[in-house]
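Here's the letter readout for the chains.
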Amino acid sequence: MVKEILLGDNPFIGVSHLAQEKARNERREVSAIEAKVEVLKVALEGGATGFTFSTHQANLELLTYIAKHYPETLKKLNYYILVPYAQGYVRKANISGTVGLAKTVLKEIVAKHPLDFVTSAITLNIDKLAGMFIAMELDPYLKTIPRQNIKAILLHEVLTELIIAYNLADLLHELKKFIEKKLRTGFGLETRNIGQLKKFLEENSIEIDYIMTPLNPLGYQMAPSKEEAEKAVQELGEQGIKIIAINILASGAVTVEKACEYLKQFKDSIYAVAYGTTKPHRAKENAVVLRECLLRG
Amino acid sequence: MGVLSINLKNLIDVLCPELAEWRRFGVGSGLRVAVVGFGKMGLLHGGILNLLIPGIVKAVVDKSFLLTFGASRVVKSIRFYRDLDAMLREVEPDVVYVATPTSSHYPIVKKPLEHGTRFIFVEKPPTVNYQQLQDLLSVKKSDQVVMVGFQKRYALTFRHAKLLLDTGVVGEVQEVYAYVRSGDILESTTRFDALGRGVLLDLGVHLLNLLTWFFKVESIESAESRSMYTRVDDFFKAVLRAKGGARIIIEATWSDPEYRIPETFIEIRGSKGVIRVAEDYLKVSTLEEHELLGNKKELALYKPHYYQGIPPVNLADPEYTIENMHFLISIHREVQPLTSIENSAETMKLIDELYKAARKV
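These protein sequences, in sequence, are chains A and B. Start counting the first sequence at 1; every next residue gets the next number (this note's numbering). Start counting the second sequence at 298; every next residue gets the next number (this note's numbering).
The set of hints was computed from the structure by calculation and includes no laboratory data. Be aware that one or more of the hints could be misleading.
As the list claims (entries may be wrong) - Capping the alpha-carbon separation at 27 Å, the derived lysine-lysine pairs in DSS-like fashion look like this:
1) B:K360 with A:K107
2) A:K92 with B:K337
3) A:K231 with B:K337
4) B:K306 with A:K103
5) B:K459 with A:K22
6) B:K373 with A:K181
7) A:K258 with B:K580
8) A:K176 with B:K373
9) A:K103 with B:K459
10) A:K279 with B:K580
11) A:K199 with B:K373
12) B:K580 with A:K199
13) B:K580 with A:K103
14) A:K68 with A:K41
Unchecked claim - Interface residues of chain B toward chain A, partial, derived using beta-carbon atoms under 8 Å:
15) K337
16) S361
17) G367
18) K407
19) E560
20) E564
21) S568
22) Y599
Remember, it's a predicted structure, so these values are computed and weren't measured experimentally. For every residue, glycine included, the Cβ atom is placed at its ideal position computed from N, Cα and C.
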């Protein structure tokens with residue numbers, strides 16, 4: 001059953017899977033932090049219950065600002081955090097090269113987790129370093145957001161797809177253990193290859209709490225095909241995994257009404273739906289429509 | 298023409314024949330792939346290949362001890378090497394992917410060619426200059442295939458633009474404006490000092506590869522470059538002349554903070570209309586209704602319209618997956634890929650000519 005309507009951060013940080021042109025325009029629209037706050041507040045009024053975001057610096061600034069000026073708003077939202085913000089690392093690799101980036105990250109880990117790093121180095125447990133890296137990324141957010149409101153930490157899709165591709169089951173076990181035991185919150189994966197992810201989880205007997213994946217009437221970003229992705233969503237949902245449907249509007253190529261019509265068939269399989277916008281009126285309207293369509297009736 | 302009318306399903310079949318071929322042939326199983334260079338592009342290609350055909354990547358070569366040691370502790374299904382020769386001897390891969398920094402492409406591609414590896418993929422640009430490309434061609438035997446990672450040729454928006462252009466939807470081409478922009482380099486770096494070439498070679502090469510595919514470029518009217526964060530070109534601008542007289546204005550920069558990720562844009566003004574195309578969209582506006590525009594004068598299609606449940610793997614942009622499918626299909630069918638090293642010669646020659654003509658400002 002659908003329990004939550006979430007606002008997504010993509011338009012806030014200049015991401016659009018429709019066109020970069022649109023992303024640049026949207027980022028300008030919410031360049032003032034108050035504009036983002038307004039979108040979040042009216043989404044709440046419309047019935048949204050949570051905010052899903054990646055660990056982009058702009059989101060930290062937004063949440064810090066809300067914590068200072070609108071603490072009640074901060075407490076009203078549930079949070080689903082995507083980690084890490086992959087594009088930031090791609091950009092750093094462009095400047096310093098991949099090896100240079102790896103060295104920089106290792107230095108930061110040593111500075112923040114010296115003892116854990118030494119243990120990891122002595123035991124040659126490289127998987128453990130991944131947990132420290134995630135902790136380092138999350139640290140400022142965990143200090144800002146009420147801990148009880150953080151419902152899940154999800155691995156960014158690039159990390160998930162590479163974990164599937166290179167069959168990194170041990171690494172995934174380590175990250176899951178770290179997030180569940182040390183951070184005491186739900187653990188999830190974001191993916192655009194849900195068919196392949198389902199197979200990977202089954203083959204490696206890995207149980208996770210959340211999967212965040214695109215689900216839209218066009219089949220955009222759904223793999224290995226629209227039909228197989230739909231089947232995977234239904235079967236994983238039936239197994240009790242909380243599915244968070246994202247990109248439900250196919251990046252703006254379909255209306256919220258069409259998306260609702262399509263999503264109705266997954267009402268029993270999905271746990272939450274997320275949408276993104278920079279326009280306050282749309283933030284409210286979309287939340288209302290999605291709520292009416294998926295949470296009631 | 299019926300099949301090309303604006304029925305999206307039919308259109309996608311025409312624009313992306315790789316999909317049907319992939320289903321028909323069930324290609325790739327049994328191939329042994331090695332990846333040389335385990336930076337972001339090596340990881341990406343290896344990842345896509347493994348998602349398309351689980352376990353196809355058997356070996357990775359990277360000169361960095363940190364990377365090979367770290368990765369070998371995490372990735373158990375792949376053998377890691379620091380020495381390319383040792384890998385070629387011990388693994389005998391059918392396919393080698395070269396995803397190292399550009400300056401090393403030439404010596405690295407040469408090794409598997411000399412070793413006798415049948416199929417090689419090299420990231421763009423294939424070499425630093427045209428001479429190196431010619432040298433590789435002289436080493437390459439007729440039964441060997443080298444494909445270059447000009448992945449924009451596998452983006453359906455650009456393929457659609459080429460189809461409309463060739464069909465004369467916008468009439469005779471009069472002027473072209475094109476750019477590639479990114480915000481990748483926004484702080485000082487010495488990374489490109491040794492290479493001696495900057496954004497035109499790194500990003501502009503995509504644009505030139507598309508433009509030489511779309512048009513016959515005949516001459517360079519002017520060229521200028523500017524450094525901002527590096528000792529090479531961070532910004533490059535040129536005016537070209539195409540066969541038939543159309544002027545082509547190009548710009549390339551990797552230092553535009555407005556561009557979170559790279560964007561390649563081409564605007565083609567013809568006697569009957571305009572095509573605007575980027576990785577994300579295709580917009581057409583014409584004076585006359587046309588069957589290829591659904592008997593309308595306007596057409597606007599975005600990425601979600603093109604990639605409906607395709608390609609079968611989503612890792613980075615869809616064109617990367619289609620590019621890898623294309624290569625594996627070419628191997629299976631024993632045919633030259635679209636972006637073979639031979640077909641890349643014109644692009645690399647133009648790069649050399651532009652650098653030679655460029656005035657530093």
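If any of the earlier hints don't hold here, list their numbers in rising order.
Those not satisfied are hints 3, 4, 9, 12, 13, 18, 20 and 21.
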